[in-house]
Amino acid sequence: MSYQIVVCAGIVPDPLQTLEPVSTPQGPALKNEAMLPAVLDPWAAHALYEANHLAKNMPGSKVYLVSLAPKAKLQQVLMTIAQKVSFELIALDGPSTGFTDSHDVAAALAAAIEAIPGLDKSRLLLFGGWESAARAAGATLSMTGERLGIREQFQGVDSLTVGSDGSFEIRERVEGGKHLVSQCSGAPAVLGWATGNLPEPPNSPQVGMQNMRTVMPALQKAKPAGVAVTQQYASVALPKQQRSTRIVRDVAAAEVARELAQWIRGAH
Amino acid sequence: MPTTVRTKTATLKTLPGDDVRQIMWRYADRFDLQMLATSARAVARGPVARLVASGARNTHEWTPEKASLLKEYDASGITAAFMDSAYGGYLEGPKNMALSLTAFELAWVDGGAATASLAGCLALAPIHERGTEAQREEYMKRCSPALNPEPARGAFCLTEPLPYVGVETGLLSGKVKIVEWKEGEEPLLEVNKRGRFITNMGFANFVTAAVESADPRIKGSCMVILEETDPGIYDRGGPTKKMVHQLSSTNDPVFQLKIPASRIIGGYQVKDGVIVPHYDHAEIIEAVFRRTRVGVGLMTAAKLLSAIEPLLRYHRDRFRGGESTTPGTPRYDLGLQQKEDVLHRMLEVWATGEAAASLGFAAARIYDELDPIEKEKHRILTEQGTGRGMSAMRALRKLEPDAVKIVKEGGSSDSPLIQYLLLDSVANVLCPATKLWNTGHGANELREAVSLMGGYGITEDCPGFLVQKWTDAQLEATYEGPEAVQRRQLSATMTNEVFLAQFETWIRDLRAIASRIPATGACALATAMQMWLWTLRHLQHAKDADGNKLYQSARQGVTFPMADALCWLMSARQLILDTMELEAKGRDNPSLSEGFDGLMEFYTDLCSIQSARTAGEVGRICAELVFGYNRHTQWNDESCFHRQELVTLEAIIPGIEAVASDVVEDDGSHPSKAGPCVSFTGYAEFQALRAKMDGCVTGSQLAKDRAAESLIAVMIPAALDYPA
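Line order of the protein sequences matches chains A and B. Per the numbering used here, residue 1 is the first one in the first sequence, and the count goes up by one each step. Per the numbering used here, residue 1001 is the first one in the second sequence, and the count goes up by one each step.
You may find that some hints are simply not true.
Said to hold, decoys possible - Straight-line alpha carbon distances no greater than 30 Å define the calculated DSSO-like cross-link-like pairs of lysine-lysine that follow: (1) B/LYS1141 <-> B/LYS1258; (2) A/LYS223 <-> B/LYS1585; (3) A/LYS31 <-> B/LYS1585; (4) B/LYS1271 <-> B/LYS1258; (5) A/LYS31 <-> B/LYS1704.
Treat the hints as calculated values from the structure; they're not laboratory data.
Make the full structure from the sequences, and use the hints.
Okay, here's the thing in structure tokens:
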């Protein structure tokens, strides 16, 4: 049993950065977003690590990373991501601000996936993030799956177990810290990952050097995705909640949990 | 030539990121280096920072927690960055930039962690640079994480004799003698050595050690490889009780070991019954240190630049949370940034960090360029039967006039030997300059950074570990050759005519930059360079008041300050060159285009600030040296008029009595002033240069005011990206 695992992943500003919405002639944007350091969307990154793990356990499987982002910014992000797991990059050049229409982005992604040479939809697993840190609605992955004709879709996935007959057991997050366990006959399927169970792989420049053989040509021939911010926004604002960073040391986990619980009770 | 005129002020929008650094330090097209840098960064801001934050530095011992970093280095490709691909490495070609970037990234969080990573390379470097094929094969493979789950670790043991006993570092404490030499067999040697301050010694499996002969059957000195399994004493010794760099292992070992002669690095030949090592220890050390010292200088540069973000955050947030400080007030929004002194001093820290990094990476690039040419030079000289050492130097010296001529005519040469002379002469200045200025002056500026954090700065909780970085810098200024060693090297290499010929062309280049972008301060810097050159030429021929030659090896009061001044010049120049590179290539980078004007304005202002400071330093040093060795005139000197003498002269030159000021009266009294004025005859050119240079710093304080606006406006992340 082998799979073609396509991971859809955008890039977002580094979570530590201070974000401020601004209006531009092209529509709403974040202040200085192009100049801020970026990372792979954290939820999609988990999907990539899970894809890599699955591919390693299923000989003959291959991982593709499909990303719609400004080329130059994507290149910087890949200097880190390409060191973590092996994949073949399919790059689309376009905005990754989160203010684009999911419908347009899904159409561009689906077209790029359809164009993968030797694509076998019967072996296709479409991975991505259940949520996004790009202020997106979290609908892009589902729509991309629909366009590819994949009806088996799972969101908030924390684990995927492949049975000996090729069937899947999938655990999706539901309320109250519980999981919905589903059975699926096998590929093709769409899996929108939550955090999964795998740690972030360490960087390995050796892996990166191997990936770069395909990453750089893919970046060079990345075509404009043809998506733009066309819709009107009445207003754009950051969530009201303010970040409050406090550094503590030598505090037991139980004490941290107690304090958090107290804070949550106070917040309600 | 079009002139860029700045009509409005744009400010820096975000802190300079990888896009900016890759252009300035010329590795935008080196993806291998970019990945190594991000990989080292992840280790630095992850495991290293967590160790420092948890107090791992509070012990001298090599602990399991500290040892865990070695595994992190192995897993992240840091250890293998030094290896050639045949031995599990992944970087092709010279590795100077690679090691420099690694050291830079690790030192951003902790200098000791950077030292630990470099020390492994340092142990292998003698074998890599001068070892035999068999030695390279064995030790590179054993140390490669790709080929061994538990790679061997090495330590480099030069060892100066114990301090405070009045010996020079040229002397070695280690001895080697022959204990057994059977006919037709390899000699068995005994090595006796006491090491001091040996990095990695707490865990090293082998040591590359410098020793000198204690046996008439061994010629001179050499380096040998000692194994922990060799028969005899391999005592790691106690940990050195150093107050800095505690994440690196440092011990004072003792060795008394029997080793085969095949462990002499680079091999040997037997001549008339005497073992003659192919390389003496000095040759090997020279080949090693001239490269690794660059990385040390860059460590301090990284720490200076790492101080910027925590300082900005501290200054802005200083008064927030207080009852009387409400949002929207200047006190709340700007905090200490309301105060000009805070902004101006911080800009000096920032400009120093930028200049230090520019200088260090320029040196690293030169060595990457030099490495293949040096090998080619070696091949050609061997083919010619010239030999090595002094005979090779003599052969090359004959070519120096050709090299100077080519530079002066603005030409180039296909000859590898000429290319070598040109590059080597610059490398021989940039390397010690990086080591000396970055760490020495850098330490002073790190102290400034600590003081800008107020009382918080000297606490363990200070974000960015600033006090540790400051004190660590003192060790960086010391190991691999302390400041005096670097000054001594510079005082010899900076008078190389091949270097000085290029130096003159650099002055013209800076004038061209100043013509196009006056705000860079390139004009002030060019004049400062001209003044330095004038002063050097003057000192090379001038004598002091007692008739003693000024520019000579023993006269360190002359040569060393000139070396210091040159370091200022080289670093400020390199910052301007890197800023010009950013100007040329940055605008086309889509990630930078949005805020490019502000970015360029800010870097141009930093250049101006640094050039003005450099001009001030160079002017002071040169003036002291040019005038300071002349004896001040006295009231009884011939230069003073006596009243009676003036009365006589008045008859011949009417009015002279009225203009003469230094007059001794008949009763011996004289005007109440500090002393008779000195004569400046012969110094008109110097005085003109001095006056010109003072004028050239025009606008530098305005640049500081402009750049200060950027400090107030620039966006910074919500928190530091490593624990503190």
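So, going through the hints one by one against the coordinates:
Distance restraint check for B/LYS1141 and B/LYS1258: the Cα-Cα separation of roughly 24 Å lies within the 30 Å cut-off, and the hinted pair is therefore satisfied. Distance restraint check for A/LYS223 and B/LYS1585: the Cα-Cα separation of roughly 23 Å lies within the 30 Å cut-off, and the hinted pair is therefore satisfied. Between A/LYS31 and B/LYS1585 the CA atoms are separated by roughly 23 Å; this keeps the pair inside 30 Å, and the hint holds. For the given pair, B/LYS1271 sits about 22 Å from B/LYS1258 by alpha-carbon distance, which is consistent with the 30 Å threshold.
Distance hint between A/LYS31 and B/LYS1704 is fulfilled; the C-alpha atoms sit about 26 Å from each other, no more than 30 Å.
Checked against the numbered hints above, the structure violates none of them.
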